[in-house]
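A.B. asks: Those sequence lines, one after another, are chains A and B.
Under my numbering, the first residue of the first sequence is numbered 1, with each subsequent residue one higher.
Under my numbering, the first residue of the second sequence is numbered 126, with each subsequent residue one higher.
For the record, the hints were derived by calculation from the structure and aren't laboratory data.
There's no promise every hint is true.
Said to hold, decoys possible - Partner residues are not named here, just some residues of chain B that face chain A (Cβ under 7 Å, in silico):
1. A135
2. V136
3. A224
Glycine included, each C-beta is placed from N, C-alpha and C at the ideal position.
Residues per chain, in single letters:
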Amino acid sequence: MCAPIRNRPSYLWLRRPETGLVMVRARAGGSGAQFNLGEMAVTRCVLRTANDIAGYAYVPGRNSRHAELAALMDAMLLDPARHDEVYRCVVRPLVESRRQRLAATAAKAAATKVEFFTLVRGEND
Amino acid sequence: MDGYPAATVAVMPGFDDPVAGSQCVFRALLAAFAHPATLREVPLCCDHPAVLEPAAAAVCLALLDYETPLWIDPCLETAGVREFLRFHCGCPLVTMPRAARFALLDCAAGLRLLDEFDCGDIEYPERSTTLLIQCRGFATATATTFSGPGIRDRVQLAVNGIEFGFWQQWRKNRQLFPRGVDLIFIHGNRIAALPRTTQVET
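Can you build the whole structure from these sequences, using the hints too?
C.D. replies: Here it is as structure tokens:
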């Protein structure tokens, strides 16, 4: 694996973390009429690093530290000098862990799969 | 670095605490409109683009949001100002003065005619434009005398950078009552409000 991110840039807040609700809209079956599924909590923030790069984050839930880190990573990804490092040490491992999580869930679901079949009834003709 | 547009202008941070900051500035504005033509300090300012007066930036942050179209005087309309207001207020920027609910002006450019702005209609006189006018100070100009609701007898206020002809227009604005525009003069961290009911004495 790779080393954790060192030398995080200093930054100031353009918008401190704030939690609000957003309406999630959906379509039945992906093709029906849109309806309001329900509201979810979202925390957002914007910061500006010392080299004047703005990082934005909107994360689900109420964890403002999560939003802060996401915004900082966003700003670092926009910095040509840090982009590759962040991509390698943060984005790739996250993508990989998500893939594994989904695969584990899929495997668990697959194990409980039930096959329905009908025996051919012996109707002589 | 594919697909990420680099930010062109660094946005300035707004109020440290947006809710308390806006409320505090709003309170000062209420007091300014309750006592027309009287100087009042805006208690709190924030980092702001260089062409804006500190109080002008604070008033914008307190009053503007996505429902208040703003017209900006071309001499103030820098990329920094546009980004600042778009980021913190989310207000639509309009090109026609008449379409604006608020207008941000600077007396350096020579003021527009007041009747270029929306003075409301008779059913909804409150939907007129409120003008935020940056002036050059409140000290050395010849004082103008005002009277009207909220003013005991008379009050004097000197607004630097405002031409005499402007007060003629303000008289016309007064005659439109209950329609008409309201305005706030701004310099440094001080403001003075002229609601449409305030009259200029000769």
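A.B. asks: Now, for every hint given, state plainly whether the structure supports it.
C.D. replies: Going through the hints against the structure:
1. A135: Holds. Min distance 4 Å.
2. V136: Status holds, d = 6 Å.
3. A224: violated, 28 Å
Hint violations for this structure: number 3 only, all remaining hints satisfied.
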